[in-house]
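Those sequence lines, one after another, are chains U and X. Quick note: the first sequence uses numbering that gives the first Met the number 0, first residue 0, plus one each step. Quick note: the second sequence uses numbering that gives the first Met the number 0, first residue 0, plus one each step.
Watch out, some of these pointers could steer you wrong.
Copies of the same chain are indistinguishable here, so a pair counts whether it falls within one copy or spans any two.
As the list claims (entries may be wrong) - With a straight-line cut-off of 30 Å between C-alpha atoms, the simulated DSS-like cross-links for lysine-lysine are:
1) K554 x K522
2) K522 x K352
3) K522 x K2
4) K75 x K520
5) K224 x K393
6) K352 x K190
7) K393 x K352
8) K224 x K95
9) K393 x K77
10) K2 x K352
Keep in mind that the hints were calculated from the coordinates and are not lab data. Because the structure is a prediction, the values reported are computed rather than measured.
2 protein chains.
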Amino acid sequence: MGKRVVIIGGVAAGPKVAAKLRRLDSEAEITILEKGEFLSYAGCGLPYYISGEIKKQRELMETSAGIMRTPEYFEKTKRIRVYNRTEALRVNRTKKQVEARRLDTGEMRDFPYDILVFATGAKPFIPPVQTVDLDMPGVELTCLDLGHVTTLHGIEDAERVRWTIREKLARQAVIVGGGLIGMEMTESLVKSGIDVTILEMMDEILPLVLDSDMGILVRTYCRQKGVDVRVKERVLRLEGQEGVVRRVVTEQRSYPADLVILAAGFRPNSDLAKSCGLETGPYGGISVDSRMRTSDPHMYAVGDCVEILNLVSDQSAYFPLGSLANKQGRVAAINIAGGDEVFCGALNSTVFKIFDYTVARTGMSMYQAQEMGMEAEYSIVPAPDRAHYFPGAKRVVTKLIAERKSGRLLGAQFVGAGEVMKSVNTVACALFYKGAVEDLSNLDIPYAPPYASAIDNVCVAANVLRNKLTGIMEGISFLEVEERRKRGDDFLLLDVRTTDEFEEIRIPGSLCIPLGELGGKIKGLPREKDIVVFCAVSLRGYEASIILREAGFTKVRVMDGGMAVWPFECEHR
Amino acid sequence: MGKRVVIIGGVAAGPKVAAKLRRLDSEAEITILEKGEFLSYAGCGLPYYISGEIKKQRELMETSAGIMRTPEYFEKTKRIRVYNRTEALRVNRTKKQVEARRLDTGEMRDFPYDILVFATGAKPFIPPVQTVDLDMPGVELTCLDLGHVTTLHGIEDAERVRWTIREKLARQAVIVGGGLIGMEMTESLVKSGIDVTILEMMDEILPLVLDSDMGILVRTYCRQKGVDVRVKERVLRLEGQEGVVRRVVTEQRSYPADLVILAAGFRPNSDLAKSCGLETGPYGGISVDSRMRTSDPHMYAVGDCVEILNLVSDQSAYFPLGSLANKQGRVAAINIAGGDEVFCGALNSTVFKIFDYTVARTGMSMYQAQEMGMEAEYSIVPAPDRAHYFPGAKRVVTKLIAERKSGRLLGAQFVGAGEVMKSVNTVACALFYKGAVEDLSNLDIPYAPPYASAIDNVCVAANVLRNKLTGIMEGISFLEVEERRKRGDDFLLLDVRTTDEFEEIRIPGSLCIPLGELGGKIKGLPREKDIVVFCAVSLRGYEASIILREAGFTKVRVMDGGMAVWPFECEHR
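Pulled out of the complex, with its shape left as it was, chain U reads as follows (with noise of 0.2 Å):
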């Protein structure tokens, strides 16, 4: 008889688990257990449900090839035993067997096991806010008492959404929590032609996946599409009348809302490994090896529910992302099928579509570096996606960061219209190798007009940053620059575009001198100031810091990526 190998969860890393084990063992008994109705769907496709892109439920759980993933296709094309609206409830190790219950009849059943898989995933974290309904007051409520408040974790949430939307309940919506899901429902609901507000407590929105100088490019994008994007605001209560969310009061003032959508991160459901005893990690994941092996020999855990080792920093991680949940399944598979696989760890790669941008990002953040005591320098690099003259180029921002010393690489960021996954995947892959800057500038990856430009950006910003890190350059944050300038601080802000750009569009106090015009007049400018330039993307603005330097000019800094980024204040034409 075959080893009896159990299965918690059924919704991405377990699946993964099952089929990849009964690819290598047509023996094994395959069990999986899933609390929820539906199996094996496509968590990151719901945005795109609700916003009605993907129109059906149903492809949303289909194979490839249009097969429905229901309990019977797993029954029948891999002979994976599938419970859904299975409960697991607790475990016991000593008799190894998992206590479950049929949530429709009530029905208890123990599930023996030799081995134990926990895909248990991960559950959406609920802010502490208050929460009145008005008709009641004096009752206590949590967020989720009062309807059309939800959070965005499974198909139910999302048909919450949708039927929201259908019935027309919905016309101005705050998205608490301006991280990645807060985005991506932004445009969901955007699109459903409901007014969005997005309430993010930190400094800057995206706080965890880029720093503020990237996060302030996209928070001013979203706003170019009508979206009011608030940070440095904290919500602090919620109202509703007659059982339904009315209003979010925030610190500063209070918004009107028919729906609500929390999105404040996720936590790793670990509950029902803790209860059993298994080890955990300082974000609550389950702790696993690089087998995918608990504390337990005979359990492993996988997906969203685990910690993982952070590729660039060393150090334990948790990253809830479905692209690692399938990797980690299969990992657990082999070795629970007696092979020898390692999930070595992850760099938090992450991308996601707002609108017509892309933004993506891949390593350590400058802050995040900073918070660990590495001293790191970035280049930023706006440049368009292909050959710029080719038709339909679009513009990407790219950041990469290294370490200042090392020059090793720590990560990268990139936001903008054009093409971004060719770039992050280079610099993803890079860092798995626990590449060097310098890497980056000798990489031969292919070029053709229409799908890159002779000398790559990725390759761009590897310069630049080598520019930096060597001394050659100096750079100063446009966030920087903007404090400065609100401060009334005395420098020179000198832009050395032409003066038909200059008149176009430029930042008011700006001094233009054109590159070309630059030495004839470089006896009048002042030499104890400190001197910022910049031009278009801040190419021609270093060949001015060098031509300044040359000449003696000691306090010159160039400003990253130029008016191409510049988030601030223009004076027009």
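Use these hints to put chain X onto chain U, whose structure you have.
Same frame as chain U, but now just chain X:
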């Protein structure tokens, strides 16, 4: 006084050396000698200029800020002296000077140098084809003596083709050579309303780019687009009348033609370097070390005139690619300025567009690996470029190649309508680090439904390849299957898709047993025969092969890519 640096060649690598050197060394006296009229133009953009997608010649010559790269531009903004229409004729290594002629005046002039840089580029290979003008029998001609016969090398060639199109002189074009340039020109000409025939003398088109199994997918697609693509046809003769080409005669037949594009590849333009005694390599390119220095320590060489290291084979190679030219230019400039920078080699990473398909490759092909006596294995995986349920998902066929014994990655190829850059860049980066196929299983590249599948294509291709390397799965090429069918071999072609899928479209002579029914019908299958299993993409085919092998069938192979890539005869509903 600064170092005198003379650069021969002003199209791609030369100006890059000059511009980077200027930023590193404000004293250097930098001079570019360029035989042609135009400087620093985007040669790779020419096919799109011919098709009219790029409207104006000057777009190919402008910086991204819209500034024309004229000699005056180089002089004024970069203090680089440029002599265009100036041909370098001789190099005197003793006196360290270049003798050059101004083409407009015939004036000769010596340019003394401390450092000389060869950036002399490539020249198109002119195939040895008999050429006759029927109005001038007996007169010996070369191909290019006939009107409307051209290579596609510089702007002048492109203008010639544009003129033929504009004046409606071309209706039927023959492209001699089914390589990369031939493919790009095919799209240009078809878009211009011209009938195109491609003649390739090798067994399959794109012989230096793809293996035949991927090449045939491109050829089939071109035929669907109305292009007459012929392989194994060697051109014997061009026939003209009144000085203009009329007909292309091959070993098999004769094609009317009023425009002939010779696209038979490039050779390094190393004559001048050879004549002054520099060492060259097996391909005739100038030999350089990793600093881009030639055998003369005062001379560097960069771009399409040099040979470089193939990073996979560790042998000398000739990869005339614009992306590499730029990288080499940067490296040479840093070393000339006294720095120490290495160009470590390349992967022949290539991408091109043909109608709505993208074709890309990096590293070695199976054919190239076998030529080198390596034992290699590969996988072929057709899959959508984003979540299969996401609107607009398009298919890409991925071929991944690794060394059999070590599992070291050797190369990859991609063909399809979907996004390819994200994948080819990923593999190119892994090849740069001499990665193994298992690295790609584990790589943390980002996922979201609009951009990728939860298990990325590259990751799937790596997993399939690992299954083949470990012997869990044995594959067979569709080329071999078709050969056996044609020969009338007695083997079972087993389609495990559903009966609905089978009725829609099927391979003649195949037998359909849906995967879910295989267990029940296994006894009726012939044990002595070779069995080739497949499905839509060969995932179910793989599962079927496992079931068959467990039932004791030993001669079971899975057909690469399934119906999705089958390029031969089909029966339809």
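Evaluation of the provided hints:
no., hint, verdict
1, K554 x K522, "within (15 Å within a copy, 84 Å between copies)"
2, K522 x K352, "neither (49 Å within a copy, 51 Å between copies)"
3, K522 x K2, "between (83 Å within a copy, 26 Å between copies)"
4, K75 x K520, "between (81 Å within a copy, 14 Å between copies)"
5, K224 x K393, "both (18 Å within a copy, 28 Å between copies)"
6, K352 x K190, "within (13 Å within a copy, 32 Å between copies)"
7, K393 x K352, "both (15 Å within a copy, 18 Å between copies)"
8, K224 x K95, "neither (55 Å within a copy, 62 Å between copies)"
9, K393 x K77, "between (45 Å within a copy, 28 Å between copies)"
10, K2 x K352, "neither (43 Å within a copy, 51 Å between copies)"
The structure does not agree with the numbered hints 2, 8 and 10 stated previously, though it agrees with the rest.
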